[in-house]
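K.L.:
Sequence:
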Amino acid sequence: MESLSFEDMARRRRQGPPSEAWRRYLPFIPWVLGGLVAIFLISDFSYTVEPHEQAVVLRFGAYKATTMPGLHFKIPIVDQVMKVSVEEHGLSLPFSPVGQMGPGRVDSNLLRARQVQTDPDDDETLMLTGDLNTASVEWTVQWRVTEPSNYLFKFPIGADDQAAGELLTYVSRTVMNRLVGDYSFDEMIGPKRGDIAVQARDDSQRILDAYDCGITVTALQMQRVIPPDRVKPSFDRVNASIQLKQKLENEAESTRNKLIPEARANRDKLIREAEGYASRTKAEAQGEIEALLARYHAYQRAPDVTRQRLYIEAMQGLFESVKDKTIIDADLNRALPILNLNEKGGIAK
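So for the sequence shown, the UniProt record's numbering puts the first residue at 1; every next one is plus one.
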């Protein structure tokens with residue numbers, strides 16, 4: 001038993017019982033509690049939505065409104081705010097759904113999926129084409145949330161949107177398997193490649209709209225369409241032949257495009273020359289006709305004079321065509337002079 005001195009007992013008697021010290025703080029307890037409640041209400045009175053988010057406001061658990069990025073106000077305790085990322089996500093298919101990749105972020109799961117893609121023995125990419133061949137098909141899907149309220153009520157909220165990724169994977173694989181079965185392998189790697197991607201995006205969006213899940217497929221791109229490894233050597237040879245054929249066709253088309261303009265230019269040149277010759281010949285003939293008509297009319301007016309003039313013109317033309325000429329007087333009565341062939345222009349008598 002503790003022994004107390006007389007001074008200790010007197011000091012404890014002056015201080016009174018221990019409970020009397022807390023009575024001095026009792027008036028301040030309601031104020032402290034009120035301050036804490038006020039701080040909570042003030043902090044719950046507003047909320048901020050980031051640029052890549054949209055917020056769904058629930059009032060007493062029922063949908064109230066969807067708010068855009070910025071500062072907003074709500075009724076404390078009554079309203080509940082649920083934020084949804086509306087940035088674009090990506091899926092690499094037909095592999096199992098993995099974490100999405102948003103702008104400026106790289107998901108480790110997606111990197112692991114890309115490493116899986118390099119495995120040549122993975123049969124998950126094999127699909128049956130319309131001509132009963134097998135092809136290894138890979139594609140990517142870009143999607144984003146466009147109706148946050150529907151998205152929240154259809155999927156459980158998770159850090160990686162795993163449920164939405166699984167739905168997109170199943171829908172996209174179903175659509176792609178059906179479309180690949182409608183086309184041959186040559187069409188898959190050739191002219192129908194872009195059409196298949198567009199149709200797959202539209203069909204996937206149609207199924208998602210039927211689920212009313214608030215997701216929009218923004219893009220679907222075909223990545224690789226290659227034959228399986230066991231037939232790849234033969235396919236490479238066929239592909240090399242096709243490329244050689246296309247090369248020869250391109251060269252022939254290039255030569256054709258070069259020769260046809262030259263032939264057309266030569267044709268136009270010959271046509272212009274022929275037209276010029278025809279015009280010139282026609283003009284000359286017309287001029288000769290007019291000259292003959294002029295002579296005819298002149299002959300009708302003065303036959304003797306015209307006949308003499310025509311004779312003189314004819315003789316003039318004849319003499320001009322002869323280089324060396326010897327003229328003998330028609331009135332010469334003596335013997336015919338002998339032409340000296342040894343002397344040019346000389347006359348022997």
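Derived from the structure by calculation, the hints contain no laboratory data. Quick reminder that beta carbons are idealized off the backbone N, C-alpha and C, glycines included. It is possible that part of the hints are untrue.
What the hints assert, rightly or not - Calculated cross-link-like contacts (lysine to aspartate or glutamate; reagent style EDC-like; alpha-carbon spacing at most 20 Å):
1) 154 to 212
2) 232 to 138
3) 192 to 138
4) 83 to 273
5) 154 to 209
6) 232 to 313
7) 64 to 79
8) 269 to 253
9) 232 to 187
Stated by the list, open to error - Pair ranges (Cβ atoms, derived):
10) 276 to 315: 17 to 23 Å
11) 210 to 68: 42 to 48 Å
12) 170 to 255: 27 to 33 Å
13) 216 to 245: 22 to 28 Å
14) 59 to 218: 43 to 49 Å
15) 66 to 244: 20 to 26 Å
16) 279 to 310: 53 to 59 Å
17) 234 to 198: 38 to 44 Å
18) 70 to 218: 58 to 64 Å
19) 279 to 312: 31 to 37 Å
20) 255 to 216: 46 to 52 Å
K.L.:
Would you mind marking each hint as holding or not holding in the structure?
P.N.:
Results for each hint:
1. 154 to 212: holds (8 Å)
2. 232 to 138: holds (16 Å)
3. 192 to 138: holds (15 Å)
4. 83 to 273: This hinted pair is violated, its Cα atoms lying about 82 Å apart.
5. 154 to 209: OK: residue 154 and residue 209 at ~12 Å, within 20 Å.
6. 232 to 313: violated (93 Å)
7. 64 to 79: holds (9 Å)
8. 269 to 253: Given pair residue 269, residue 253 is violated - Cα atoms ~24 Å apart, limit 20 Å.
9. 232 to 187: Distance of about 17 Å is within 20 Å: holds.
10. 276 to 315: 17 to 23 Å: For residue 276 and residue 315 the Cβ distance comes to about 35 Å; the hint is violated.
11. 210 to 68: 42 to 48 Å: Because 27 Å falls outside the window, the suggested range is violated.
12. 170 to 255: 27 to 33 Å: At 52 Å between Cβs, range violated.
13. 216 to 245: 22 to 28 Å: violated (42 Å)
14. 59 to 218: 43 to 49 Å: violated (32 Å)
15. 66 to 244: 20 to 26 Å: With a Cβ separation near 58 Å, residue 66 and residue 244 fall outside 20 to 26 Å, so the hint is violated.
16. 279 to 310: 53 to 59 Å: violated (30 Å)
17. 234 to 198: 38 to 44 Å: Violated, since residue 234 and residue 198 (Cβ atoms, about 30 Å apart) do not stay within the stated range.
18. 70 to 218: 58 to 64 Å: violated (24 Å)
19. 279 to 312: 31 to 37 Å: holds (33 Å)
20. 255 to 216: 46 to 52 Å: Between residue 255 and residue 216, where Cβ atoms are some 49 Å apart, the hint holds.
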